[in-house]
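Novice: Residue strings, one per chain:
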Amino acid sequence: MYVPFSKFLSVLNVVCPGKVEELACSCLAVEYGCVPVGLKVQYLSRNQKPFTGLIAALGGNIEVLKNRYKNKRASLCLVLPPVGSARAAILFLECLEKYTGIPFFGNPDIQIQVCSPGRLGNRDAGILTLGFLLGSDTLRMYNLGDLSTTFAFDQDVARGIRMVIYDGGGSLVKEFEWWDCCTASYSFKKIKYRIVREQLPFSYERTDVLACSSRVDIENVNLMATLLVHAMMGGYWQDIGLGFAKDMTNLLLRHELAGHLDAPWVHTEDKLDIHKLFHANGLFIDAMQEVGAYALDEAERIRKRGGTGGILYEVSNLLRKYRLEMVRQSYAY
Amino acid sequence: MNTAHQPGSQPIDIPGSVPNPVHEPRQVPGPANPVKTPTREPVKEPV
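Sequence order for the protein chains is A and B.
Mapping of the first sequence onto the working numbering: position 86 corresponds to residue 97, and the numbering continues sequentially without gaps.
Mapping of the second sequence onto the working numbering: position 8 corresponds to residue 27, and the numbering continues sequentially without gaps.
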């Protein structure tokens, strides 16, 4: 659980009143029918000093850090209340940067966990992981230690070691818009209508990306999670969500990497089978490192030639295309 | 430091993290001939 949003606003208002006012106005607003954004800040440094004042102002260690989930290397995990958009999430983190006096973006001591509603299937979790990895502004070679959490081998909610994990069965704030759709026939033509529901169609399910580190990462994860979950749930963005999943698969196919989507990208069972989990952890990290190495190798060869292109440009272009398409269709309605 | 090797290419050393070239700011090539700073000619005063 987390400290209420109003408490955060009153504490942060002391250091950045202008930004807090903007955040208060935009925190619940959903943009272009994207899913809301939950955030966890994992602080990997042993020196907790930058967060001491913030935690005290929010109610103290017992109130703020009561969650038993965190990255195994983190000295603290700050769970933030969800906001309606990636833009509000970035604004929220910028306010926290100002309060603590340390950078949150591009800081190797900070991992930003982006939480999206709905549990994606394994193949979609693979698309989300690889889209995040290849679309990021920094390419990282992760190892299992970077992604290990206190729930990796938990007896009740074993999540394994992955870039993408499900919720721990806790609660979900459902009071955000969900863009649904219905079709009606008019003059022998099928027309799609947008229905804006007042609540998310999930009870507690979430899919989280663990190691975001930049504004681009948050925006990309929010975009891809929206498209993939709408494709899964038959939401308003179902058609372009299915198109995105197909385009990503074809892109990987062109680079002989589509087989990697069969790797275990998310652990879908709660129960702990230690041997199975260890084996799957290995398959996951091998697949992710192979794709990362391929992208870096290709980028290096292209750079030496003095050109552009390759898988990194293709992923970036694909994300841009779908982002623009969502904006276009939002206004076209 | 990791290494990557694709068939047909030399293995390369890969550091823990590198900037994605897509997001790197592009270097704008400078003008071919450096722009001369305009200088004021001294005004010849009639003797």
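I should point out that these hints are in silico values taken from the structure, not numbers from a laboratory.
The beta-carbon is built from N, C-alpha and C at its ideal position, and this holds for glycine as well.
Incorrect hints may have been included.
Examples of chain B residues toward chain A, derived with CB under 7 Å [unchecked claim]:
1) S36
2) N39
3) V41
4) H42
Which chain B residues stay away from chain A? Per the calculated CB distances, all over 10 Å, these [unchecked claim]:
5) R59
6) E60
7) P61
8) V62
9) K63
Novice: Against each hint, give a clear statement of whether it holds in the structure.
Specialist: Hints versus structure:
1. S36: holds (4 Å)
2. N39: This interface hint holds because 5 Å falls under the 7 Å limit.
3. V41: Since the shortest Cβ distance to chain A is 4 Å, the answer is holds.
4. H42: holds (4 Å)
5. R59: Given a closest Cβ separation of 42 Å, the condition holds.
6. E60: Since the minimum Cβ distance to chain A is about 43 Å, B/E60 lies beyond 10 Å and the statement holds.
7. P61: holds (47 Å)
8. V62: holds (50 Å)
9. K63: The claim stands: B/K63 keeps its Cβ more than 10 Å from every Cβ of chain A (closest is about 52 Å).
This entry satisfies every hint, going by the numbered hints stated previously.
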